[in-house]
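Engineer: Sequence:
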Amino acid sequence: VFAHADVPTTISKAAPDFCSVYIISKGKVLSVRTASQPNKRPIVRTPSVRIEPDNQPSSSPQ
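When we follow full-length UniProt numbering, the leftmost residue of the sequence shown carries the number 1, and every step to the right adds one.
By construction, these hints were calculated from the structure, which means they are not laboratory data. You can take every hint at face value.
Computed Cβ-Cβ distance ranges for the label pairs, DEER-style:
| hint | residue 1 | residue 2 | range |
| --- | --- | --- | --- |
| 1 | D54 | S31 | 52 to 62 Å |
| 2 | A5 | V49 | 38 to 48 Å |
| 3 | L30 | R50 | 37 to 47 Å |
| 4 | V44 | I23 | 23 to 33 Å |
All C-beta atoms, glycine included, are put in the ideal place defined by N, C-alpha and C.
Produce the entire structure from the sequences given, and follow the hints as far as they go.
Structural biologist: Listed below in structure tokens is the structure:
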């Protein structure tokens, strides 16, 4: 006999304490678990890639 996996409960228990979890089924909110503490790790932002047009004059054969 296999145990029936309760996915909403499993997700709610597995999520870190700094995450709010909303369980929604068929367009209705079944369960809400709000974050119980703030995220203690700083958010690390990576610099965005900036692509600039080539402003060099093209060298064409004469």
